[in-house]
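Asker: Read off the chains here:
Protein chains: 2
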Amino acid sequence: MTYCVAMNLTDGLVFVSDSRTNAGVDHIATFRKLYVFGTPGERLIVLQTAGNLASSQSVVNLLRQRLHTDHPNLLSVQTLFEAARVVGDTIREITHHDGTQAAGTGIDLSCSFLVGGQIKGESTALFNVYPQGNFISSTPDTPYFQIGESKYGKPILDRALRHDSDLEQALRCALISFDSTIRSNLSVGMPLDLLVYRKDSLLVPAGYRVQEGDPYFAGVREQWCNGLRDLLSQLPGTPDAYMT
Amino acid sequence: MTYCVAMNLTDGLVFVSDSRTNAGVDHIATFRKLYVFGTPGERLIVLQTAGNLASSQSVVNLLRQRLHTDHPNLLSVQTLFEAARVVGDTIREITHHDGTQAAGTGIDLSCSFLVGGQIKGESTALFNVYPQGNFISSTPDTPYFQIGESKYGKPILDRALRHDSDLEQALRCALISFDSTIRSNLSVGMPLDLLVYRKDSLLVPAGYRVQEGDPYFAGVREQWCNGLRDLLSQLPGTPDAYMT
Numbered sequence: 026m027t028y029c030v031a032m033n034l035t036d037g038l039v040f041v042s043d044s045r046t047n048a049g050v051d052h053i054a055t056f057r058k059l060y061v062f063g064t065p066g067e068r069l070i071v072l073q074t075a076g077n078l079a080s081s082q083s084v085v086n087l088l089r090q091r092l093h094t095d096h097p098n099l100l101s102v103q104t105l106f107e108a109a110r111v112v113g114d115t116i117r118e119i120t121h122h123d124g125t126q127a128a129g130t131g132i133d134l135s136c137s138f139l140v141g142g143q144i145k146g147e148s149t150a151l152f153n154v155y156p157q158g159n160f161i162s163s164t165p166d167t168p169y170f171q172i173g174e175s176k177y178g179k180p181i182l183d184r185a186l187r188h189d190s191d192l193e194q195a196l197r198c199a200l201i202s203f204d205s206t207i208r209s210n211l212s213v214g215m216p217l218d219l220l221v222y223r224k225d226s227l228l229v230p231a232g233y234r235v236q237e238g239d240p241y242f243a244g245v246r247e248q249w250c251n252g253l254r255d256l257l258s259q260l261p262g263t264p265d266a267y268m269t
Numbered sequence: 026m027t028y029c030v031a032m033n034l035t036d037g038l039v040f041v042s043d044s045r046t047n048a049g050v051d052h053i054a055t056f057r058k059l060y061v062f063g064t065p066g067e068r069l070i071v072l073q074t075a076g077n078l079a080s081s082q083s084v085v086n087l088l089r090q091r092l093h094t095d096h097p098n099l100l101s102v103q104t105l106f107e108a109a110r111v112v113g114d115t116i117r118e119i120t121h122h123d124g125t126q127a128a129g130t131g132i133d134l135s136c137s138f139l140v141g142g143q144i145k146g147e148s149t150a151l152f153n154v155y156p157q158g159n160f161i162s163s164t165p166d167t168p169y170f171q172i173g174e175s176k177y178g179k180p181i182l183d184r185a186l187r188h189d190s191d192l193e194q195a196l197r198c199a200l201i202s203f204d205s206t207i208r209s210n211l212s213v214g215m216p217l218d219l220l221v222y223r224k225d226s227l228l229v230p231a232g233y234r235v236q237e238g239d240p241y242f243a244g245v246r247e248q249w250c251n252g253l254r255d256l257l258s259q260l261p262g263t264p265d266a267y268m269t
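As given, the protein sequences belong to chains A and B, one line each in that order. For the first sequence, our numbering gives the first residue as 26, with consecutive numbering after it. For the second sequence, our numbering gives the first residue as 26, with consecutive numbering after it.
Extracted from the complex, chain A is given alone in its bound form (with noise of 0.2 Å):
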């Protein structure tokens, strides 16, 4: 499985993937999951992935292979909405190619992707990339995207993310996610990699990866895992109504 958070808010952009792949528990590797491309002072575009590996990483390579081409790419489209229809398409593409000798093995060759970042005159953008290659934009209402096993990680970012959230509260959010994720699915898995990316900064960050037994996201988790304790015994006396 996988686990990947993508954060599209008022200062900018936020995301964070896991790293663990598995064909069965007794098959477990490391992939990285998340893609940065871009020119400096002119664009940044990040990938994060979810879904079958050898379609995820065909995806990608037919990607990378095409920029500086005459193929619509991800380094000359013009707009955030056309980098994920090129995704969307590749997909299609990858789909299409492999597609037809997996037929009736019963393997799910499908994969879907996080498409976020910036293009100089454009806002920040965050799409939503399906395996059928069509796709959906977070909005303020909706500012977060998430792919993989989603749900032990959801709770928190409905109570505590907003999108004007600020971008370190913001990754912060996203940590525990992924640690409540972490503690509930053994098929997601560190290092964790992540991204902030700071709105207008046009930057390409390379990110950093949160490796085992990192001190700060060891702190994190820790201080969360006594906090959820402690808030839990404050709360107030359940009514003998409920306990009779």
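Hints are supplied without guarantee of correctness; some may be wrong.
[To be verified] No farther apart than 25 Å at their CA atoms in a straight line, the calculated lysine to any residue pairs in the SDA-like style are these:
{"id": "1", "chain 1": "B", "residue 1": "K145", "chain 2": "B", "residue 2": "G238"}
{"id": "2", "chain 1": "B", "residue 1": "K224", "chain 2": "A", "residue 2": "T269"}
{"id": "3", "chain 1": "A", "residue 1": "K224", "chain 2": "B", "residue 2": "F62"}
{"id": "4", "chain 1": "A", "residue 1": "K224", "chain 2": "B", "residue 2": "M268"}
{"id": "5", "chain 1": "B", "residue 1": "K224", "chain 2": "A", "residue 2": "T263"}
{"id": "6", "chain 1": "A", "residue 1": "K224", "chain 2": "B", "residue 2": "T269"}
{"id": "7", "chain 1": "B", "residue 1": "K145", "chain 2": "A", "residue 2": "T269"}
[To be verified] Simulated restraints, written as ranges between beta carbons of each label pair:
{"id": "8", "chain 1": "B", "residue 1": "E237", "chain 2": "A", "residue 2": "P65", "range": "51 to 57 Å"}
{"id": "9", "chain 1": "B", "residue 1": "A54", "chain 2": "A", "residue 2": "D166", "range": "55 to 61 Å"}
{"id": "10", "chain 1": "A", "residue 1": "A54", "chain 2": "B", "residue 2": "A54", "range": "42 to 48 Å"}
{"id": "11", "chain 1": "B", "residue 1": "P97", "chain 2": "A", "residue 2": "A54", "range": "36 to 42 Å"}
{"id": "12", "chain 1": "B", "residue 1": "K224", "chain 2": "A", "residue 2": "A127", "range": "51 to 57 Å"}
{"id": "13", "chain 1": "A", "residue 1": "A54", "chain 2": "B", "residue 2": "Q157", "range": "46 to 52 Å"}
{"id": "14", "chain 1": "B", "residue 1": "A54", "chain 2": "A", "residue 2": "C250", "range": "46 to 52 Å"}
{"id": "15", "chain 1": "B", "residue 1": "E237", "chain 2": "A", "residue 2": "Q103", "range": "47 to 53 Å"}
{"id": "16", "chain 1": "A", "residue 1": "G244", "chain 2": "B", "residue 2": "G129", "range": "52 to 58 Å"}
{"id": "17", "chain 1": "B", "residue 1": "K145", "chain 2": "A", "residue 2": "I132", "range": "50 to 56 Å"}
{"id": "18", "chain 1": "B", "residue 1": "Q157", "chain 2": "A", "residue 2": "Q259", "range": "41 to 47 Å"}
{"id": "19", "chain 1": "A", "residue 1": "Q103", "chain 2": "B", "residue 2": "E247", "range": "45 to 51 Å"}
It should be emphasised that the hints constitute simulated quantities derived from the structure, not laboratory data. Think of the CB as a built atom: it goes at the ideal place given N, C-alpha and C, for glycine as much as any other residue.
With chain A's structure known, arrange chain B on it following the hints.
Answerer: Then chain B, alone, in the frame of chain A:
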């Protein structure tokens, strides 16, 4: 959908069920999913159900109809293990009876049950009965089971519930687990049915229905939500390396 939690702890048992059923988002209804059987001073058996409503209701009706007959039933079995077997066998009977007509229609008739309680001379016990009629038992390592939409509400149980948690604390933990689920999934909804059983009391509690707008639950939800936001804002500042 449905969400039910049951806990088998040092001091007794805690059961909480939602009451929403749906056949599509435009066909929502309220049905109780927590059923109590027992004889004061002698036994308490609590059932919780998830899955196809026609199937789970048929199972419960058949179990009720057979009380006070020669058929092995929930008031005649000598152990909770036998009670779980009776429930499992009844699930198989209903699945077999109704399954033939449904075959090939794509309708999923399966249902699952949690079965917990105490029979005089035994300790408390809790079983998770699968749609196939077989079942597993809770242990001190894994003192709770969930059926239905379990993922949103699992992280808080994994973090805060232990076999030796006291019953009030465990009930509050379950209520928070329901709050997380209700916020994230429309198909899980109020009112909640809950029942707390104190070990060796051999009482047959009626349980309590937490209605929409219940002041205690509303207060807990608000305090929890505000507390989480405070916790998040108290986390240490993010290292520079994370933000660049």
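Asker: In ascending order, which of the hints set out earlier in this document are inconsistent with the structure?
Answerer: Result: hints 1, 3, 9, 11, 13, 14 break, sorted rising.
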